[in-house]
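> Please arrange chain B on chain A, whose structure you already have, making use of the hints.
If you want the building blocks of each chain, they are given just below.
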Amino acid sequence: MMSITEEDFELELRSLPGVVNVGISHDESDEVELVTLVIVGQSPATIRTQATQIANLYFPDVTIVVEVADSATSMNQVSARVALLIADFDEKAGECEVQLAFEGRIGVGRAESGPLIGGVEGTLAALRNLDYEVPYYLDAVTTVPTIRGWPVVVTLRSSADDADLYGIAQSDGESLSAARATLNALNRFLSNAPH
Amino acid sequence: MAGDYEPWLFQAMLDELKHNELGIGFVYSLLELVAQRYGLKDVTVKLVHDTTGVQCFRLGRLNVDSDILTRHGRSAEVICDPDVVPENERNAIRTACQLSLSLHLARYSSAHDPLTNIANRRSFDTTLEAAAARSSRYGWPFTLVLADLDGSKAVNDRLGHARGDDLLRKFGFALRSSVRKGDAAARIGGDEFAVILSNAEGHEVNGFLDRLSAVLASTGNVIGFTAGTASSPRDSVDPTELFRIADARLYAKKGINLE
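So the sequences go chain by chain: A and B. Numbering-wise, my numbering puts 115 at position 115 of the first sequence, and it's gapless, one number per residue. Numbering-wise, my numbering puts 243 at position 243 of the second sequence, and it's gapless, one number per residue.
There could be a bad hint or two in this list.
Unchecked claim - Below, simulated DSSO-like cross-link-like pairs (lysine-lysine); rule was C-alpha separation at most 30 Å, straight line:
(1) B:K153 - B:K253
(2) A:K92 - B:K170
(3) B:K254 - A:K92
(4) B:K170 - B:K153
(5) B:K41 - B:K170
(6) B:K253 - B:K181
(7) B:K41 - B:K18
(8) B:K181 - B:K170
(9) B:K253 - A:K92
(10) B:K153 - B:K254
(11) B:K181 - B:K18
(12) B:K153 - A:K92
Everything labelled a hint here was simulated from the structure, so no lab data went into it.
Just chain A, same shape as in the assembly (with noise of 0.2 Å):
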């Protein structure tokens, strides 16, 4: 059976952005010996390093390879979603921070100018972060009364003269609805966007 200590460092390898399967093989005593890491469309230089450095603090003397899958696999690939991890809204320091999640990086925007203001330039900053290239910027944002709560619906306009983007969410916090409803308008552009 797998220790957790193992299962956090193979859990580790996995989150780095490009790997798609990870082997770990073990020595006579069982100690870790070999790790494999198969990846896509990233430099085997950069993750052989990323790996390294996770590896030294799991199992120092351990052997890495890194295989790169063929250009046909890259296509295959299943696309990812870009998944929303945090809003806050710190109303001490009057700033908003929204972390997003694509591929395995972690892309982190802040913005000032209240919950509702901040979620969506928090997100759309979260997303420059992680290297799409928005053209849009926030119109407008506003929670509307209905019979079921407060969701916030949030307008961004095109700055390449496209039409405007509408989205609107619902979720605990404002911060959150507001960071949500963003992606709901960005749906389309985010699946399509070169990345």
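Okay, now just chain B, sitting in the frame of chain A:
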């Protein structure tokens, strides 16, 4: 859900759960179970998750297969060689494996800071309370170290948050590299970090701070840090009081009087 499972598989999974939590290890256990049942040479499960993307798990983990994505399309599935496993069982295994991976990721992310991969405030508080309780009951010493990055706000303002985040990542890595087994390191706020050094006082604490400075220098991290410490049981056995003392000592080093 049980209605979709063959009885042997359902029972085997229940038995497995008696000594194995749902997690990555459980994924491999399930593959092992189905391989034994059908005498298979090879079983692979391909899973998909929002944060990790496509992930392949293969029995005998060394033998990774870089062609598996090319040969088997885009969806999550179980691939068996020879292909003798009924579809409903493969679906059940895939569902259970998907659940295991999701739970593992959820458990990990609820306890860790995503930027630095060290513990977050919530799990650190739990660890600190346990250490304080042991210290109070048995007299086992430990030291709480609070560390603040110097000038990180200026880095954010001048060079941007991406550079600031990079510094935080490097500091988190340096902390993980510097603590000993059994110690705990956490990011507890924006640029605030905390460490529990088990069975450590005086020169062991200085040794840790020296190691941390050396690792930081080796990562090319030019930013410094200020640390304040409080030891249990010498200073207090109350976690809140230990935090207050360490915080006051940290701010005193920065020339700020909290009183």
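> Next, verify each hint and record whether it holds.
Each hint tested on the structure:
1. B:K153 - B:K253: Answer holds: K153 (chain B) to K253 (chain B) is near 18 Å, not above 30 Å.
2. A:K92 - B:K170: Holds, at about 27 Å.
3. B:K254 - A:K92: Measuring from Cα to Cα gives roughly 22 Å; hence the hint holds.
4. B:K170 - B:K153: holds (16 Å)
5. B:K41 - B:K170: Since the Cα atoms of K41 (chain B) and K170 (chain B) sit roughly 43 Å apart, the hinted pair is violated (cutoff 30 Å).
6. B:K253 - B:K181: Satisfied, since the Cα-Cα distance of roughly 28 Å is no more than 30 Å.
7. B:K41 - B:K18: Distance of about 27 Å is within 30 Å: holds.
8. B:K181 - B:K170: holds (20 Å)
9. B:K253 - A:K92: holds (24 Å)
10. B:K153 - B:K254: Given pair K153 (chain B), K254 (chain B) holds - Cα atoms ~15 Å apart, limit 30 Å.
11. B:K181 - B:K18: holds (28 Å)
12. B:K153 - A:K92: Roughly 16 Å between the alpha carbons, so the hint for K153 (chain B) and K92 (chain A) holds.
Violated hint for the displayed structure: number 5, the only one.
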